[in-house]
Amino acid sequence: MATTTTINPADEPKAKIEVSESNFPPVEFNTTLHDLFLDGDKGPLEDTYCVVKANSDRQYGKVVPLNEKYIIHSAQVSSADDLAHLCLEINCYLLLLYAGKMKVAFIGSEGATDDKTLHKQAVSENARRSFSVLNEAQRPRVSTYANIEDFIQNHDGSNIRWAFAMDFAERLPSVDHPELVYKLNSKRWLAHCSLKSANDTIIDCQISCPEHMTESNLWYYGGKDCRLCGSGVETELHRVRSILLDRPPYVLKLTQSLSSVGTLLVKNEKERKEVVDQAEKYLREYLPRVTKENAHLRTTSLILSDFIPGETMALNFFIRKNGSVVFLGACHQLATGESGRQATAITYAEQEKLQDKYQSTLDMIGQALHEEGYYGPVGADIMENPDDGTLFTIDANVRSPLSFVLYLLRGHLNEKRGFAMSLVYECIMLTLSRDEFERDFNKELHDARIILIGSTRLGEKEQWAHGMVVAGNSQKEIDELSDRILKFEIEGGQGGDLSDAAA
Numbered sequence: 001m002a003t004t005t006t007i008n009p010a011d012e013p014k015a016k017i018e019v020s021e022s023n024f025p026p027v028e029f030n031t032t033l034h035d036l037f038l039d040g041d042k043g044p045l046e047d048t049y050c051v052v053k054a055n056s057d058r059q060y061g062k063v064v065p066l067n068e069k070y071i072i073h074s075a076q077v078s079s080a081d082d083l084a085h086l087c088l089e090i091n092c093y094l095l096l097l098y099a100g101k102m103k104v105a106f107i108g109s110e111g112a113t114d115d116k117t118l119h120k121q122a123v124s125e126n127a128r129r130s131f132s133v134l135n136e137a138q139r140p141r142v143s144t145y146a147n148i149e150d151f152i153q154n155h156d157g158s159n160i161r162w163a164f165a166m167d168f169a170e171r172l173p174s175v176d177h178p179e180l181v182y183k184l185n186s187k188r189w190l191a192h193c194s195l196k197s198a199n200d201t202i203i204d205c206q207i208s209c210p211e212h213m214t215e216s217n218l219w220y221y222g223g224k225d226c227r228l229c230g231s232g233v234e235t236e237l238h239r240v241r242s243i244l245l246d247r248p249p250y251v252l253k254l255t256q257s258l259s260s261v262g263t264l265l266v267k268n269e270k271e272r273k274e275v276v277d278q279a280e281k282y283l284r285e286y287l288p289r290v291t292k293e294n295a296h297l298r299t300t301s302l303i304l305s306d307f308i309p310g311e312t313m314a315l316n317f318f319i320r321k322n323g324s325v326v327f328l329g330a331c332h333q334l335a336t337g338e339s340g341r342q343a344t345a346i347t348y349a350e351q352e353k354l355q356d357k358y359q360s361t362l363d364m365i366g367q368a369l370h371e372e373g374y375y376g377p378v379g380a381d382i383m384e385n386p387d388d389g390t391l392f393t394i395d396a397n398v399r400s401p402l403s404f405v406l407y408l409l410r411g412h413l414n415e416k417r418g419f420a421m422s423l424v425y426e427c428i429m430l431t432l433s434r435d436e437f438e439r440d441f442n443k444e445l446h447d448a449r450i451i452l453i454g455s456t457r458l459g460e461k462e463q464w465a466h467g468m469v470v471a472g473n474s475q476k477e478i479d480e481l482s483d484r485i486l487k488f489e490i491e492g493g494q495g496g497d498l499s500d501a502a503a
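Here the sequence shown stands for residues 1 to 503, where the numbers follow the UniProt record's numbering.
The set of hints was computed from the structure by calculation and includes no laboratory data. Backbone N, C-alpha and C define an ideal beta-carbon position, used for all residues, glycine too. Careful, some of the hints might be misleading.
Claimed, not checked - Here are the simulated distance ranges between beta carbons: (1) E462 with E269: 41 to 47 Å; (2) N159 with N473: 42 to 48 Å; (3) G40 with A137: 38 to 44 Å; (4) E274 with H446: 43 to 49 Å; (5) D440 with H238: 28 to 34 Å; (6) E269 with Q367: 39 to 45 Å; (7) S208 with K273: 51 to 57 Å; (8) R247 with E436: 30 to 36 Å; (9) Q76 with D156: 46 to 52 Å; (10) H177 with T214: 15 to 21 Å.
Said to hold, decoys possible - Listed below are the simulated PhoX-like cross-link pairs for lysine-lysine, each with C-alpha atoms no more than 25 Å apart in a straight line: (11) K62 with K461; (12) K487 with K461; (13) K224 with K292; (14) K281 with K321; (15) K62 with K224; (16) K273 with K69; (17) K353 with K476; (18) K270 with K224; (19) K281 with K292; (20) K416 with K353; (21) K69 with K224; (22) K62 with K292; (23) K281 with K62; (24) K196 with K353; (25) K42 with K101; (26) K116 with K443; (27) K267 with K292; (28) K461 with K476; (29) K101 with K416; (30) K224 with K267; (31) K357 with K321; (32) K196 with K321; (33) K267 with K281; (34) K196 with K292; (35) K461 with K196; (36) K461 with K42; (37) K101 with K321; (38) K281 with K69; (39) K281 with K270.
Start from the sequences, fold in the hints, and give me the full structure.
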């Protein structure tokens, strides 16, 4: 059975978890996803929001929900359990903190791992503690499930809003079908739709094998015993390689990837060779995973875009049911402290000016998505050509984006406390537990210079993954506080790109 935020720690041997309500001033948002979705209607909203992240890498087994139909490329990390903590926990804290009174789903990994910190009770208690930083009126209504099968069997029947297309989602009621979620988050859709792109070229992989074609004349892999499929894969790899070797400086994107790991930049011949080799390796692995069921999804498409040496702005907004757009912040990348770690940041005084600059672009994106039947949160990356000021939509995350939280904290951080800017660290690996972090940074947490979004321990290791917002009046203040935090960072990120695997 699912558990809710009122939990009776019952039934199994448990990892030791220290849980307490937040002792810091409650965090308040200007608005929440719950209220945005209601759009003036009488609440509460009864849809459930699920933001667990997908995985298609078979080396991690079933500890993380495995997608075979909705193929997606993500970062490599050192172990399946570590990836599960990020996909099932940290990612959910990052994208659900501002959900408001929505029903939200957390899923553990019982039965697939011996890591007790991935079992239902531990995940439930971590979620409760993470959301305890919020004003009680804005806390999500959490249901936690032991694993996917528990979710499928015991979900309350409400329609689910999916942040990511999941194979198992087809067994549950949905607001938007997983195929639509997959389509709208693909780079291929973005290149194909009416929005201004950077001279995008779509490379659709197509192999000829008369015995393995769908009714729509799309190829799918017939297995190792099919010689035509095998030779066709090699022929297609040669064709794609010749295209990539012939194009001038470009950006290569996989149609479905997470956390920028599928975006590859080519500015010189050395980078070109590396990117071509990576693309060939990717296609060699994933072309054999094209099936009769997913051929129409174009899971292996590649997108070539012109290289534009401009700055990228992350724009967040909400598409209402009528297609109009609610601006929810313009953010930029910031290199922080001595480490130069990249984070997404917002400068509050610039927001009105930036809204005026980008509103027409947001309206066009909103209209394109509205025509597909979508309404809800969106994050879009917009790049400006420095030569003529042309704005290009280079990426769209048709879900609640990570940096949403910064604009929604405007009242809490800027208007009430006078902080000029803030940034969000999506996943910092520290040697400090949450209790130790709250002890060492007690004053900063009381002053709201730091807001812990969520924390989870990686099994029995003395390693904790934290998501957090850092606020200040200048980059100097941000840098100084960041340096103090990052002093406790685990070198090498636990042997894998853990920070890249989050949100």
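Review point. Should the hint that D440 and H238 are 28 to 34 Å apart at their CB atoms be regarded as holding?
Key: Given a distance of about 56 Å, which is not inside 28 to 34 Å, the answer is violated.
Exercise for review: Mind checking the alpha carbons of K42 and K101 for me, to see if they're no more than 25 Å apart?
Suggested key: Roughly 13 Å separates the two Cα atoms, so the pair holds.
Check your understanding: Is it true that the CA of K62 sits at most 25 Å from the CA of K224?
Key -> With a Cα-Cα distance of about 24 Å, the restraint between K62 and K224 holds, given a limit of 25 Å.
**Study point:** K270 paired with K224 [C-alpha distance capped at 25 Å]
**Key:** Violated. K270 to K224 sits at ~34 Å, over the 25 Å cutoff.
**Study point:** Restraint status (C-alpha distance of K62 to K292 at most 25 Å)
**Key:** This hinted pair holds, its Cα atoms lying about 23 Å apart.
Check your understanding: Is K281 within 25 Å of K292, Cα to Cα?
Key -> 22 Å, holds
Check your understanding: Are K461 and K476 close enough, with their CA atoms no more than 25 Å apart?
Key -> 33 Å, violated
Check your understanding: Given a hinted range of 51 to 57 Å, is it respected by the beta-carbon distance of S208 and K273?
Key -> 28 Å, violated
Check your understanding: Straight-line Cα separation of K487 and K461 no greater than 25 Å?
Key -> Judged against 25 Å, a Cα distance of about 19 Å means the pair holds.
**Study point:** Restraint status (C-alpha distance of K267 to K281 at most 25 Å)
**Key:** Holds, because 20 Å separates the two Cα atoms, which is no more than 25 Å.
Review point. Do the Cβ positions of R247 and E436 conform to the proposed distance bound of 30 to 36 Å?
Key: 50 Å, violated
**Study point:** Pair hint K353 and K476, alpha-carbon separation not exceeding 25 Å
**Key:** 23 Å, holds
Comparing the model with each numbered hint stated earlier shows that hints 3, 5, 7, 8, 9, 14, 16, 18, 26, 27, 28, 30, 34, 35, 36 do not hold.
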